[in-house]
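Participant: Sequence:
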Amino acid sequence: MSFTGPGAGAPDYAPCRYGASKLSFRGPAARLDQPYWAMLGGTMTYGKFVEHAYPALVARATGHTVVNLGIPNAGVDAYLGDPEVLAIAAGAEAVVLQIPGAQNLSNRYYRVHPRRNDRFLTARPLLRMLFREVDFTEFNFTRHMLTELRRISPLRFERVADELRAAWLERMHALIEVLAVPVTLLWAGENPPPDGGVDMAADPLLVTRAMVDALRPAAAAYAEVIISAEARAQGTEGMLFSALDLPAARLLPGPAAHAEVAAHLAALLAR
1 MSFTGPGAGA PDYAPCRYGA SKLSFRGPAA RLDQPYWAML GGTMTYGKFV EHAYPALVAR
61 ATGHTVVNLG IPNAGVDAYL GDPEVLAIAA GAEAVVLQIP GAQNLSNRYY RVHPRRNDRF
121 LTARPLLRML FREVDFTEFN FTRHMLTELR RISPLRFERV ADELRAAWLE RMHALIEVLA
181 VPVTLLWAGE NPPPDGGVDM AADPLLVTRA MVDALRPAAA AYAEVIISAE ARAQGTEGML
241 FSALDLPAAR LLPGPAAHAE VAAHLAALLA R
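Numbering of the sequence shown is given in our numbering, commencing with residue 1 and proceeding in unit increments.
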């Protein structure tokens, strides 16, 4: 366990905004008047509980400006709904897109918050008809809601999962197309993309090898970084968080994992 003590907390993320965007990013704000790479993704890209996230480590290793556009718990909807951020990413020499989960996007069954995509807003009529016994007012987050639906009926849950996978693939293609710059897809985790099955604790959730393979032709490159056993064994060593945040920190990659991802990306982007 590694936290800074009672009353202390996470690193100073120096939150910043770019232009008219309503999204907040980890700072300090990068200069956009010189060549840069942009990195999009979720909680790991943002660098929760670590002093130096992998985008900052790539910048340090290469000397190139890197704009960290990571958003904790982001889904693809947050990016597609923000023209300012799309313009920033489209102005980059290259983009790294950490593959997000499929649960955090609006679809035919439910709607999520347009910026905080992990927030469940409302069930659509299709979902209410499919799960008549469920009171959807009890849910605030998508993963919690989906986990409960799968517990109630794995068979009916699969209909929702199929919709999410299809919507994810369509919108990921749309995001890569609208950027119109070389995009490197990044899979970073303890395991490679699964061939099938559903692990509700997995991240990215509901994304399979077949989905990644279907998306790869649209990208310029694909980086699959499996965090080493040595890095995983370090647990929360070197992470910064308050005692209350310990359970959350245990679920996230630490400095060693970020260093491994950064080393892989720095070599790839330098080529």
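Fair warning: there could be bad hints in the mix.
Per label pair, the in silico range of CB-to-CB distance [what the hints assert, rightly or not]:
no. : residue 1 : residue 2 : range
1   : D213      : A174      : 15 to 21 Å
2   : R209      : P15       : 21 to 27 Å
3   : P192      : L246      : 25 to 31 Å
Source of the hints: derived by calculation from the structure; they are not laboratory data.
Glycine included, each C-beta is placed from N, C-alpha and C at the ideal position.
Participant: Taking the hints in turn, state whether each one holds.
Facilitator: So, going through the hints one by one against the coordinates:
The beta-carbon spacing between D213 and A174, approximately 18 Å, falls within the hinted interval of 15 to 21 Å. Between R209 and P15 the C-beta distance comes to about 35 Å, which lies outside the given range of 21 to 27 Å. At roughly 28 Å, the beta carbons of P192 and L246 sit within the given window of 25 to 31 Å.
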